[in-house]
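S.K.: Spelled out from the first residue to the last, the chains are:
Number of protein chains: 2
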Amino acid sequence: MNFDDAYRNLLNWSKEIYLLDGIIGLLEWDQRCFIPDKGHDGRSEQIAYITKIKHEMLRNPKVAEWLAIVSLYDNDPDIEANVREWKRWYDRASKVPVDLAESIAKLTSQAETVWAKAKKDNDWESFKPYLSEIFHLKKEEAEAVGYENSPYDALFDNFEPNATVSEFLPFVEELKGKLQNVLSRVLSTENVDDSFLYRKFPVQIQDRFFRTIARKIGYNFSAGRLDETVHPFTVAIGPADVRIAVRLSDHDIRVGLFSTIHEVGHALYDQGLDPEKVATPLGMPVSLGIHESQSRFWENIVGRSKGFWVYFYPRLLQHFPILADISLDSFWRGVNKIEPSLIRTEADELTYIFHIILRFEIELGLLEGALTIEDVPYAWNAKMKDYLNIEPSDYSSGVLQDVHWSSGLVGYFPTYLLGSIYAAQLKNALEKELGPIDELCSKGQFFSILEWLRYKIHRKGCKHLPADLIKEATGFPPSAGFFVEYMEDKVNRVYGV
Amino acid sequence: MNFDDAYRNLLNWSKEIYLLDGIIGLLEWDQRCFIPDKGHDGRSEQIAYITKIKHEMLRNPKVAEWLAIVSLYDNDPDIEANVREWKRWYDRASKVPVDLAESIAKLTSQAETVWAKAKKDNDWESFKPYLSEIFHLKKEEAEAVGYENSPYDALFDNFEPNATVSEFLPFVEELKGKLQNVLSRVLSTENVDDSFLYRKFPVQIQDRFFRTIARKIGYNFSAGRLDETVHPFTVAIGPADVRIAVRLSDHDIRVGLFSTIHEVGHALYDQGLDPEKVATPLGMPVSLGIHESQSRFWENIVGRSKGFWVYFYPRLLQHFPILADISLDSFWRGVNKIEPSLIRTEADELTYIFHIILRFEIELGLLEGALTIEDVPYAWNAKMKDYLNIEPSDYSSGVLQDVHWSSGLVGYFPTYLLGSIYAAQLKNALEKELGPIDELCSKGQFFSILEWLRYKIHRKGCKHLPADLIKEATGFPPSAGFFVEYMEDKVNRVYGV
Chain A
1 MNFDDAYRNL LNWSKEIYLL DGIIGLLEWD QRCFIPDKGH DGRSEQIAYI TKIKHEMLRN
61 PKVAEWLAIV SLYDNDPDIE ANVREWKRWY DRASKVPVDL AESIAKLTSQ AETVWAKAKK
121 DNDWESFKPY LSEIFHLKKE EAEAVGYENS PYDALFDNFE PNATVSEFLP FVEELKGKLQ
181 NVLSRVLSTE NVDDSFLYRK FPVQIQDRFF RTIARKIGYN FSAGRLDETV HPFTVAIGPA
241 DVRIAVRLSD HDIRVGLFST IHEVGHALYD QGLDPEKVAT PLGMPVSLGI HESQSRFWEN
301 IVGRSKGFWV YFYPRLLQHF PILADISLDS FWRGVNKIEP SLIRTEADEL TYIFHIILRF
361 EIELGLLEGA LTIEDVPYAW NAKMKDYLNI EPSDYSSGVL QDVHWSSGLV GYFPTYLLGS
421 IYAAQLKNAL EKELGPIDEL CSKGQFFSIL EWLRYKIHRK GCKHLPADLI KEATGFPPSA
481 GFFVEYMEDK VNRVYGV
Chain B
1 MNFDDAYRNL LNWSKEIYLL DGIIGLLEWD QRCFIPDKGH DGRSEQIAYI TKIKHEMLRN
61 PKVAEWLAIV SLYDNDPDIE ANVREWKRWY DRASKVPVDL AESIAKLTSQ AETVWAKAKK
121 DNDWESFKPY LSEIFHLKKE EAEAVGYENS PYDALFDNFE PNATVSEFLP FVEELKGKLQ
181 NVLSRVLSTE NVDDSFLYRK FPVQIQDRFF RTIARKIGYN FSAGRLDETV HPFTVAIGPA
241 DVRIAVRLSD HDIRVGLFST IHEVGHALYD QGLDPEKVAT PLGMPVSLGI HESQSRFWEN
301 IVGRSKGFWV YFYPRLLQHF PILADISLDS FWRGVNKIEP SLIRTEADEL TYIFHIILRF
361 EIELGLLEGA LTIEDVPYAW NAKMKDYLNI EPSDYSSGVL QDVHWSSGLV GYFPTYLLGS
421 IYAAQLKNAL EKELGPIDEL CSKGQFFSIL EWLRYKIHRK GCKHLPADLI KEATGFPPSA
481 GFFVEYMEDK VNRVYGV
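Protein chains in written order, with my numbering: chain A, 1 to 497; chain B, 1 to 497.
Be a bit skeptical, because a hint or two may be false.
For chains that are exact copies, the list does not tell them apart, and a pair is met inside one copy or across any two.
Here are the simulated lysine-lysine pairs, DSS-like style, with alpha carbons at most 30 Å apart [unchecked claim]:
(1) Lys277 - Lys95
(2) Lys87 - Lys106
(3) Lys383 - Lys117
(4) Lys176 - Lys52
(5) Lys432 - Lys385
(6) Lys178 - Lys52
(7) Lys38 - Lys456
(8) Lys385 - Lys52
(9) Lys38 - Lys216
(10) Lys87 - Lys62
(11) Lys15 - Lys178
(12) Lys277 - Lys38
(13) Lys128 - Lys337
(14) Lys52 - Lys38
(15) Lys38 - Lys15
(16) Lys106 - Lys277
(17) Lys95 - Lys15
(18) Lys277 - Lys52
(19) Lys200 - Lys176
(20) Lys178 - Lys337
(21) Lys52 - Lys456
Since the hints were made in silico from the structure, they are not lab data.
Given only the sequences and the hints, what does the whole structure look like? Please build it.
M.R.: Structure follows, in structure tokens:
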């Protein structure tokens with residue numbers, strides 16, 4: 001077989017994986033948005049079945065032959081990038097034994113149900129054996145995949161290609177030290193008032209206003225949809241079908257407002273991928289960390305900027321005259337309020353970092369043997385106390401709060417933290433080229449921000465590994481310093497400390 | 001391989017086909033209800049891909065081996081029924097050459113687009129070559145599948161197992177003669193007034209009222225959904241996920257009212273299948289004719305009965321006081337108005353039969369060689385004139401009005417007619433056991449009607465071939481006489497002739 005045939009086979013294979021991913025996306029979207037009550041069992045079977053077809057396809061032994069053939073040639077960088085990613089897909093799928101993959105799928109499918117009930121009942125003991133078995137099997141997965149230094153690396157890499165504990169730990173240490181300092185400055189002063197965010201905001205009007213924001217910042221509704229759901233998410237169903245779903249609360253405008261901007265950030269990445277490269281790695285998002293950098297960029301760096309509200313606050317007041325007594329400045333300070341809290345998904349952008357560090361450290365301890373499952377709730381509470389000086393009074397608002405582990409997502413949390421630091425680093429680079437975000441936003445020039453991100457990030461797909469992509473886009477390797485600088489500036493402006 | 005292993009393999013294979021059908025169902029449902037404008041191209045690729053997977057699975061050569069093994073044993077009637085249907089699936093899939101199936105898929109995918117434009121532009125010439133090629137390939141398909149008497153049988157059988165032209169023609173002849181007689185009696189008297197059906201009916205209120213009807217006659221909303229679309233349809237996505245979509249018009253209450261009851265009729269069949277037999281033929285609908293008998297039973301025999309409106313008319317008036325000046329009797333006569341018209345989907349239940357006969361005769365003529373493509377518009381108009389004494393003034397309201405042929409659905413139309421005659425025959429049998437439908441409906445006892453249909457039809461799945469099922473349920477082989485009798489009675493009561 002010559003290069004052309006092998007490469008064409010790989011393109012077809014890539015296309016099939018892509019189509020299956022889109023189909024799984026629709027099955028899940030419908031399950032979260034529109035499925036009737038009794039449809040869930042049937043849907044789980046459909047998802048499991050298509051996922052099985054996809055996994056069988058991923059580990060098709062012919063792929064190894066095709067990859068070997070194309071690797072014999074001196075290829076251009078685009079082809080190299082595709083081949084690099086295809087090799088990653090195939091390697092992981094073929095290294096994890098079918099039995100193990102099926103055991104994990106079966107266990108996590110049960111564990112999610114057990115977890116949901118345990119969280120509702122504040123019942124750690126019933127979830128504990130599942131968590132134990134999940135980490136046991138994920139450790140086996142790590143051994144099967146292989147790693148150089150830490151078993152954690154084998155899992156981390158699944159979400160953030162080439163990421164390692166040894167490169168991630170310095171970020172953690174730097175952020176722990178410097179952000180605790182920033183946080184203590186905030187806590188030493190009087191906190192801002194954000195009580196007006198909890199007034200009564202009819203959800204239909206929220207929906208209308210949030211659609212205006214989504215459209216203005218660049219979301220293309222003719223290639224997507226916005227619906228309501230319980231846990232906000234974005235899903236790419238097809239090249240021109242990227243849907244978001246958000247949660248709205250009539251007594252907390254933050255919930256829908258920032259979940260909309262966050263999910264639009266994800267969707268802009270998917271809508272901004274190169275249409276010429278559809279169904280190949282060059283037309284796909286490169287990592288969860290980079291994906292999260294986009295959602296956080298729009299949610300926090302744009303959506304919590306003063307300039308954003310200079311532009312949108314008069315429009316918000318038109319929709320909600322109930323806020324007429326609140327000044328632009330008070331509103332902006334309110335949505336930037338920093339305060340330690342127990343629940344990750346409700347945390348502000350500073351304390352959020354500690355929620356992630358806590359989870360990362362527990363995952364790492366479990367995989368490397370420094371912690372046992374018995375230790376987990378104690379470690380959780382001790383770290384909450386240590387980092388944020390608060391402690392959960394029950395399991396539900398502590399160790400049981402997140403779905404991730406029950407779904408087998410181990411090594412996933414750090415990508416949230418990488419998203420934050422990548423976003424701050426991108427802000428720094430963007431401002432050097434386009435001037436202050438505040439100014440662009442206040443003039444409603446969201447399109448120039450989007451174009452910059454498209455050019456630097458979206459259109460690149462998987463051309464570069466995540467760390468290299470950040471270096472290409474910003475001129476520096478990933479560094480936590482930009483985030484610290486960004487938070488210090490924010491705190492200084494909001495709190496005057 | 002012993003019987004147990006072979007049968008288990010067949011059950012797994014049947015389950016996979018079933019899952020794929022449900023997934024295709026969701027892909028199509030979303031495409032017709034919720035997809036964003038730009039999502040259509042990607043969706044077509046997904047549907048084509050899953051359909052290809054399904055077809056490859058259907059003609060898996062191992063299935064022939066398994067079927068041969070289980071056929072060696074003396075089986076119970078349930079197993080026999082499953083094996084009979086599986087053999088039908090496999091035979092058709094393996095007899096039609098892959099190349100031919102792909103040519104048909106490709107051609108009809110283009111033809112649907114050409115047809116839509118041709119219909120819009122009243123442009124028969126642009127669609128003609130496609131129609132010609134479609135009938136040419138369908139003839140090839142018929143030859144590949146094989147038949148005893150007419151090539152039409154090979155296509156007819158795909159929608160109505162074991163149906164043949166020679167058994168269908170006597171229905172056609174009997175109906176043509178007797179119904180033209182009934183129709184001429186109607187046309188000789190003053191027609192009923194139905195102008196009030198075209199008053200202004202806000203669609204939100206229609207939606208609310210139609211949901212009440214759907215629920216009352218037995219549709220289970222926790223195992224389904226009701227949405228709006230352009231062309232009403234019902235789709236079974238999973239065993240407890242049967243969705244309907246209808247069209248609402250604010251200036252014609254008939255559109256939404258009868259499309260809702262019609263689609264609910266389809267959905268009640270799917271929701272009434274035996275949950276113990278899911279994913280096997282015994283838990284699947286047996287034919288399109290039987291399916292249509294259920295939708296027409298609810299739409300016409302129940303939904304256009306006097307008793308139905310005795311029960312629902314006061315409720316309708318609560319929702320639409322604009323009808324306060326119209327008596328129950330006038331309303332009931334209005335929704336039973338009979339009048340020749342050009343468009344099949346808007347026809348009353350009597351003239352509808354002639355629309356089908358016309359299409360069937362043209363299809364048969366094309367396949368058996370009595371007609372050429374050139375003849376089709378002339379034959380169409382001549383038959384309209386002959387049967388209904390009206391003539392289309394353009395192609396769009398004549399030969400170009402239906403999507404079916406452009407989609408490759410040849411041999412499908414007669415199942416609509418079978419649905420009508422089966423429904424009337426079921427009415428006759430039900431009334432012998434439960435008393436007059438009118439009385440059951442006027443007391444709101446829809447549940448006893450549904451239970452009877454469940455027991456006689458829904459729960460049987462593919463246990464019997466369609467004609468045998470009707471014989472089992474009613475005591476008589478399928479006969480057009482029941483429909484004639486039903487129409488004569490209706491006309492007598494509505495028109496007094």
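S.K.: Next, verify each hint and record whether it holds.
M.R.: Status of the hints after comparison with the structure:
no. : hint            : verdict
1   : Lys277 - Lys95  : within (28 Å within a copy, 38 Å between copies)
2   : Lys87 - Lys106  : within (26 Å within a copy, 33 Å between copies)
3   : Lys383 - Lys117 : within (25 Å within a copy, 66 Å between copies)
4   : Lys176 - Lys52  : neither (41 Å within a copy, 54 Å between copies)
5   : Lys432 - Lys385 : neither (39 Å within a copy, 77 Å between copies)
6   : Lys178 - Lys52  : neither (45 Å within a copy, 57 Å between copies)
7   : Lys38 - Lys456  : between (45 Å within a copy, 25 Å between copies)
8   : Lys385 - Lys52  : neither (43 Å within a copy, 57 Å between copies)
9   : Lys38 - Lys216  : between (38 Å within a copy, 19 Å between copies)
10  : Lys87 - Lys62   : within (12 Å within a copy, 33 Å between copies)
11  : Lys15 - Lys178  : neither (45 Å within a copy, 57 Å between copies)
12  : Lys277 - Lys38  : between (39 Å within a copy, 17 Å between copies)
13  : Lys128 - Lys337 : neither (35 Å within a copy, 68 Å between copies)
14  : Lys52 - Lys38   : both (23 Å within a copy, 29 Å between copies)
15  : Lys38 - Lys15   : between (33 Å within a copy, 19 Å between copies)
16  : Lys106 - Lys277 : between (35 Å within a copy, 24 Å between copies)
17  : Lys95 - Lys15   : both (22 Å within a copy, 29 Å between copies)
18  : Lys277 - Lys52  : both (26 Å within a copy, 24 Å between copies)
19  : Lys200 - Lys176 : neither (37 Å within a copy, 66 Å between copies)
20  : Lys178 - Lys337 : within (19 Å within a copy, 81 Å between copies)
21  : Lys52 - Lys456  : neither (35 Å within a copy, 38 Å between copies)
Violated hints, in rising order: 4, 5, 6, 8, 11, 13, 19, 21; the structure is consistent with all others.
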